[in-house]
Amino acid sequence: MKTASPVSPPWSSIRVGDVLPELDIPITPSVIVAGAIASRDFMPVHHDRDFAQAQGAPDIFMNILTSNGIVSRFVTDWSGPETMIRRIAIRLGVPALPGMSLRLSGEVRATERRDGEGWIEIELRGTTPIGDHVTGRVELTLPLDADAASTPPATSSP
Amino acid sequence: MGAADPTPAPDPVNVPMVRHWVDALDDRNPVYLDEEAATRTRFGGLIAPFAMLQTWTMSRPRIQGIAERGGAPDSYGENVISVLDEAGYTATRATDSELEFLRALRPGDRLASKAVLESVSDEKRTALGTGFFVTWVTTYTDARGEVVGRQRFRVLKFKPSTPEEVA
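If you're matching them up, the sequences are chains P and S in order.
The opening residue of the first sequence carries number 5 in my numbering; numbering runs sequentially from there.
The opening residue of the second sequence carries number 3 in my numbering; numbering runs sequentially from there.
It is worth saying that the hints were derived from the structure and are not from the lab.
Mixed in with the good hints, there may be bad ones.
[Stated by the list, open to error] So these bits of chain S aren't anywhere near chain P, every CB distance computed over 12 Å:
1. 10
2. 21
3. 29
4. 32
5. 33
6. 74
7. 89
8. 117
9. 121
10. 125
11. 134
12. 144
13. 147
[To be verified] To spell it out: a stretch of chain S is covered by chain P in this simulated footprint if at least three of its residues, at any positions, have a beta carbon under 8 Å from a beta carbon of chain P; those stretches are:
14. 50-56
15. 59-70
16. 101-111
C-beta: ideal position from N, C-alpha, C; glycine also.
Only chain S is shown next, with the shape it has when bound in the complex (with noise of 0.2 Å):
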């Protein structure tokens, strides 16, 4: 975040996460894993599910001590969201997606974003609890540099209630 240059995916676009994905999610368009399929569409091949273009992206996680960073795969280092959690505002809620598609992803496709803060809310109070809705906006490259995609992402950090206050 911030970075002057996008940072890589860990892996480019590859079909044992797209099976991956079409196991958990139940999907079944043809155009993911039949080959087949895909060779008779448009596409003249496999492509990624669309909806995919975040995970490519997803940092690696260390599942150690995920719980005591509140979640974070890693280190975030100092950004807007851990100086929220400082502040006491340690749960995150997601709350709007806009994705946005260039062109479809086809196994091989080695992708990298780049996320830029849009805004921070005012502090507003919620049925969550009190904070602040942070949104971003991602720019997910490929390997020439071209644009693919990009996403408008906004969560709610906020101060959590206990659980008994939650309809």
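Bound conformation, chain P alone (with noise of 0.2 Å):
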């Protein structure tokens, strides 16, 4: 199983082309009922299947408040809790829906000394059997290590 990283990797230490590990969510009623009273979105298409099926949808689907808390666990699981998230941008495709299991898969795109931080860009997707539920990218810095202190700035951006 795969838990939060209790520390988080020296910036120097990462790379363009490092993959994230893959976090498997489960979707069910319960995982949508709660992200959604979490983060306070009431709307009734997250917690009434009769009023989500009277709106064209199959059953009651995850909000995207979740969706984005999903994003940000997915990336700081890895990264640890130095991270300062600066960006997250993301785009919604199908529904998340009970019944369906969730993988999101992510790696870097970019890093660069910016500003006294170490800044990584993510580039990542949550993928349902039936298409993508969210595809995005996340921006976010952690402090320089002594590594880094001995390189020079803008390092690997592309």
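Build the complex from these two chains, which are given one at a time in their own frames, with help from the hints.
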């Protein structure tokens, strides 16, 4: 079982092309409802199946705040507690419905030393058996470590 | 929306709501709840999950009648959403979110938000039905009025197809 990293990796050890550990989330009504209420989203499409079906959906579906939360968790499970997330940009595709499995995967697209921090850009997607639920990019920073301090800036940004 | 002043969040950033989020998302980053671990990070103490930014300023819902209001937490008043609802574009699906974070939030931070309508698309035919893409930009500020984050948020307001038509 995958758990959150207790420490962050040194920024200088991260390379473009590094692949993040995958995260599998079985989507259940409980996952959808718990996420909706924890994010204070009381739209009935996220907890009331009759209402969701009247709106043309097959069942209740995950709200976008939970999708953002899962994306954030997927990244920080890898980048650890020193992570300062700077940007989460996502586009939703197919809805995340009960009974689906959601698999998060992603890789490092760019790294850059900027403004005294180590920036990392990650491209990711969350896929279900019927297509991508979410695609997007996350930018985060980690503190510069001793090795980073001895290397020149803008090491590997494409 | 369109109001001159930002709308204050119902509650300050707080640990009980963070705990609720952490359990719902099963997000075990120690910086959110483990004081000792958080103190050892560059943040020097607990911070809130970044993705909770939008959560802090969500409206308090009136649960009675929420389905009849099409899911609106309370009356939105006269705006683009109520106009589209009345025209039969009653269903809503979030399609895009772009969150930007200028600093980490800590328990006790008092936020306010102000949403500005950025655009309404022409009428589009989509797999879900015919509708309009509506985009807002929300600015989040702290008690000193400094910007802590921004969000561009897009929803599709559409006339729902019958469930049988949905693939």
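_Non-interface claim for residue 32/S versus chain P (Cβ beyond 12 Å)_ = Violated, because the least Cβ-Cβ distance between residue 32/S and chain P comes to about 5 Å, which does not exceed 12 Å.
_Claimed clearance of chain P by residue 21/S, with the beta carbon kept past 12 Å_ = Given a closest Cβ separation of 9 Å, the condition is violated.
*Status of residue 125/S, Cβ more than 12 Å from any chain P Cβ*: holds, 17 Å
*residue 33/S and chain P, when compared Cβ to Cβ, separated by more than 12 Å*: violated, 4 Å
_Verify this for me: three or more residues of the segment 50-56 of chain S with a beta carbon less than 8 Å from a beta carbon of chain P._
holds (count 5)
*Quick one: work out the minimum CB distance from residue 117/S to chain P and report holds if it exceeds 12 Å, violated otherwise.*
holds, 15 Å
*residue 121/S: least C-beta distance to chain P exceeds 12 Å?*
At about 16 Å from chain P, residue 121/S clears the 12 Å cut-off, so the statement holds.
*Is residue 147/S truly not at the interface, in the sense that its beta carbon sits beyond 12 Å from all beta carbons of chain P?*
holds, 21 Å
*Per the stated criterion, does the least C-beta distance between residue 144/S and chain P lie above 12 Å, as a non-interface residue requires?*
Label holds. Min Cβ-Cβ 16 Å, cutoff 12 Å.
*Far enough from chain P: is every CB of that chain over 12 Å from the CB of residue 10/S?*
Holds: least Cβ distance 15 Å, greater than 12 Å.
*Decide, holds or violated, for the assertion that all CB atoms of chain P are farther than 12 Å from the CB of residue 134/S.*
holds, 16 Å
*asked:* Please verify the coverage claim for the segment 59-70 of chain S: does it have three or more residues whose C-beta sits within 8 Å of some C-beta in chain P?
replied: Holds, because 5 residues of the segment 59-70 of chain S bring their Cβ atoms closer than 8 Å to Cβ atoms of chain P.
Checked against the numbered hints above, the structure breaks hints 2, 3, 4, 5, 6 and satisfies the rest.
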